[in-house]
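Novice: The hints should help you fit chain B onto chain A, whose structure is shown.
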Amino acid sequence: MTDTDIPPHSAPNPTQFDIDLRSARVAFGGVDIFHDLDLGLPAGSFTCLLGPSGVGKSTLLRFLADLVEGDVSGNITCSDGVPLKGRIAYMAQQDLLLPWRTVRENVELGASLRGQRPDHDKADRLIAEVGLSNAAHLRPAELSGGMKQRAALARTLMEDRPVVLMDEPFSALDPVNRLRLQELAARVLRGKTVLLVTHDPLEALRLGDFVHVLRGSPARLQDAITPAGHSPRDITDADILRQQAQLLRQLGTNETAAAVPENAQ
Amino acid sequence: MSTPVKRTPLSERRLLKIARPIIIIVALIATWQLTVTLTGAPKYMLPTPVDVWHTLITRYAVLFDHARYTIAETVIGLFAGATLGALAAIPMALFTPVRFWLMPILLVSQAIPFFALAPLLVLWLGFGLASKIAMAALIIFFPVTVAFFDGLARTEPGWLDLARTMGASRWRLLTHIRLPAALPAFASGFRVATAVAPIGAVIGEWVGSSHGLGYLMLHANARVQIDMVFACLLILCAFSITQYFIVDRVLRAALPWQPDSLTPVR
Chain A
1 MTDTDIPPHS APNPTQFDID LRSARVAFGG VDIFHDLDLG LPAGSFTCLL GPSGVGKSTL
61 LRFLADLVEG DVSGNITCSD GVPLKGRIAY MAQQDLLLPW RTVRENVELG ASLRGQRPDH
121 DKADRLIAEV GLSNAAHLRP AELSGGMKQR AALARTLMED RPVVLMDEPF SALDPVNRLR
181 LQELAARVLR GKTVLLVTHD PLEALRLGDF VHVLRGSPAR LQDAITPAGH SPRDITDADI
241 LRQQAQLLRQ LGTNETAAAV PENAQ
Chain B
1 MSTPVKRTPL SERRLLKIAR PIIIIVALIA TWQLTVTLTG APKYMLPTPV DVWHTLITRY
61 AVLFDHARYT IAETVIGLFA GATLGALAAI PMALFTPVRF WLMPILLVSQ AIPFFALAPL
121 LVLWLGFGLA SKIAMAALII FFPVTVAFFD GLARTEPGWL DLARTMGASR WRLLTHIRLP
181 AALPAFASGF RVATAVAPIG AVIGEWVGSS HGLGYLMLHA NARVQIDMVF ACLLILCAFS
241 ITQYFIVDRV LRAALPWQPD SLTPVR
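So the sequence lines, in the order shown, correspond to chains A and B.
Position 15, counted from 1, in the first sequence is what full-length UniProt numbering calls 15; the numbers after and before it change by one each time, with no gaps.
Position 257, counted from 1, in the second sequence is what full-length UniProt numbering calls 257; the numbers after and before it change by one each time, with no gaps.
Check the hints yourself; a few may be wrong.
Label-pair distances were calculated between CB atoms; the ranges are [stated by the list, open to error]: (1) Val26/B - His137/A: 44 to 52 Å; (2) Trp101/B - Asp119/A: 39 to 47 Å; (3) Asp119/A - Leu94/B: 25 to 33 Å; (4) Arg252/B - His137/A: 17 to 25 Å.
It is worth saying that the hints were derived from the structure and are not from the lab.
Note that beta-carbon positions come from the ideal geometry of N, C-alpha and C, so glycine has one too.
Okay, chain A solo, but in the shape it has when bound (with noise of 0.2 Å):
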């Protein structure tokens, strides 16, 4: 879907990369949670990966994040020729937190961890945006859940990095917050490239610009479905629940739902 109106709120450095990720192979014990496994991110785009517990979403997030540790391969190229490797930042479904660091010092974590001065005032905009300006001195045990995953997405965007992968980033949370989440995420993060790992078929229609289903063992990745218009989109418009009604189809034990065709791009 390519629309030719700015949406508003971009990121700062929008991504000019696009990913491809070919033959990726993750094996855990000898068996092969996936195998020739492609995966294509244009630049800038938001995609989301939907599947069953355990069918290996995370791990193919882990997988390019670089941090699967054992019987793995497969290709990652960018296409600007620089390694991908560097250049993601990671947010997971529990915030990560450090307990001893305020909300601004975890913020400000990646800096500290290279031995860099962290941008303070870059740190102070990023805790307004995600409104946490008042609770920026507080430790995490002092923050609701929704906050602490306010400040995750801070410390995330701190980063800066080109890629972010989230993994589950707000099925911890109440309804409410999940959806003030999303939006939130949606402003913040347009213009990077995104995967978000989801088990949530209408957030992944709400904020995808390509929705794809992992399923099977090994998994293989279902053809993309792309909800039209920008995002974050009406989750009561007619289009995002018939598409709904047929990634619940794709993810179902329903084995017809297979008849859809495999291995994507």
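Specialist: For chain B alone, kept in the frame of chain A given last:
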């Protein structure tokens, strides 16, 4: 706003908090006095609380002089043992081969009864402070090492993943994530150490020494000055409790994010 649940008012709870140890101490002393009265035990078997109090006051100078040694041995032993424990735990957590070589040695060291080691330490290190410090340090080395190693080995894997994507070096991973994350575990090991360190010092003094409360107890016991033995025990107890209390307070203040030191929020 009235709630049907009855709650003790804050001031009353605070009062109880102060009064509780006093009540416990008074009850213990009363039980002690009652035991002496009921059994009619002679003074050289079980002195009364008043006898012991009298000894505490009249022999204050001697008791204080010897207590200084025991306290010094305990405190120095505590810090020496904790430092060694921390220094052993870090390489064990960082380098797998070190863990494989050091763990069996640690376990074997725990199989040796420390009472049996005390005469050797006195033989090697002499009658002075060094052998008692070594004894106290040895006795606390294991709990500190194991607790800290456990803490270092159990770093939340998600934090490590996050740090790797952020480009952290192995060193900064240690100093910024693994060490602070393991501090609460180290603190619980250190608390245990605080409680057992005086035991090490006193054992050392029993075996060979001319100073310290352990020496004084043995000396008085041989002369059937049981009131003196009790006075030494009371001082040891008071010191151990005070030391534990101080260490606990300092650790809580130093690690305010620890779950047990947080005030409940919301």
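Novice: Please go over all the hints and tell whether each is borne out by the structure.
Specialist: How the hints compare with the structure:
1. Val26/B - His137/A: 44 to 52 Å: 45 Å, holds
2. Trp101/B - Asp119/A: 39 to 47 Å: Holds, at about 44 Å.
3. Asp119/A - Leu94/B: 25 to 33 Å: 31 Å, holds
4. Arg252/B - His137/A: 17 to 25 Å: The hint (17 to 25 Å, Cβ to Cβ) holds, given that Arg252/B and His137/A are roughly 20 Å apart.
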